[in-house]
Amino acid sequence: MIESKQNQRVKAWKKLSQKKHRDREGLFLVEGWHLVEEAVKSDWTIDTLIVEDGVEVTDEWSTLPLEFVSSPVMKEISQTETPQGIAAVVRQKEWELNQPKRMLMLDQIQDPGNVGTIIRSGLAFGVEAIILGKGTVDLYNEKVVRATQGALFHFPVIQSDLFEWLNKRDIVVYGTALDEQAKALPEIEPPEAFAIILGNEGMGVQPSLLERCNETIYIPQETKAESLNVGIAASVILYHFRYVT
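Under full-length UniProt numbering, the first residue of the sequence shown is numbered 1, with each subsequent residue one higher.
Treat each hint with caution, since some may be false.
As the list claims (entries may be wrong) - Mimicking DSS-like on lysine-lysine, the simulated pairs with C-alpha atoms at most 27 Å apart in a straight line are: (1) Lys143 - Lys168; (2) Lys134 - Lys14; (3) Lys41 - Lys14; (4) Lys5 - Lys101; (5) Lys11 - Lys143; (6) Lys11 - Lys101; (7) Lys19 - Lys41.
Hints listed in this document are in silico derivations from the structure and should not be mistaken for laboratory results.
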């Protein structure tokens with residue numbers, strides 16, 4: 001059992017809270033029973049299952065690379081205020097995408113909670129792949145991972161250049177905007193294959209990407225209502241594209 005906070009493995013795990021170390025090692029940390037369970041039952045590689053002393057794990061998990069640690073060590077590596085006594089170091093996944101037909105692209109969305117919510121909605125409403133464009137918060141940021149509630153383990157979410165993806169695909173592209181040409185969401189009858197671009201919370205989709213869109217769309221709402229945040233807007237749009245048309 002590891003009892004010292006100065007242990008080199010503990011220091012390495014703690015550094016995974018920083019993007020540069022996650023990128024360098026190709027690893028990230030997940031915490032709590034639900035997220036760890038989602039990671040374990042997926043096909044992602046578990047580098048280390050970290051278990052606090054006194055916490056029991058199932059026989060199924062006992063076949064994984066286990067490391068028992070003291071309570072102070074668990075608190076040292078934890079990125080939450082109340083650790084649940086279970087965490088996992090997971091290897092980042094390299095997805096190979098063929099020709100996804102229902103794609104979602106995020107342009108410079110920086111709020112971790114919104115990105116996590118969008119990933120959950122993407123899984124719920126049949127999106128086949130999500131591309132996080134440049135300027136979007138890191139997929140493996142602990143707040144993003146937590147907000148996905150494990151959804152990121154069950155379908156492709158990758159970080160890449162949106163322009164490169166649009167150049168590779170012959171696909172109808174919709175972008176969210178409030179310009180004069182934008183169509184109200186209920187008017188849209190999407191084709192079998194499409195991509196939807198969602199933009200930054202404050203600035204929206206950047207103009208150079210909007211130029212690549214076949215159509216721009218908006219969500220009609222009551223005039224007195226505040227505008228929806230991008231996480232909620234994504235859910236409304238994806239529901240329409242999945243079930244209403």
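Do the hints match the structure? See the list:
no. : hint            : result
1   : Lys143 - Lys168 : violated, 31 Å
2   : Lys134 - Lys14  : holds, 26 Å
3   : Lys41 - Lys14   : holds, 24 Å
4   : Lys5 - Lys101   : violated, 48 Å
5   : Lys11 - Lys143  : holds, 20 Å
6   : Lys11 - Lys101  : violated, 42 Å
7   : Lys19 - Lys41   : holds, 25 Å
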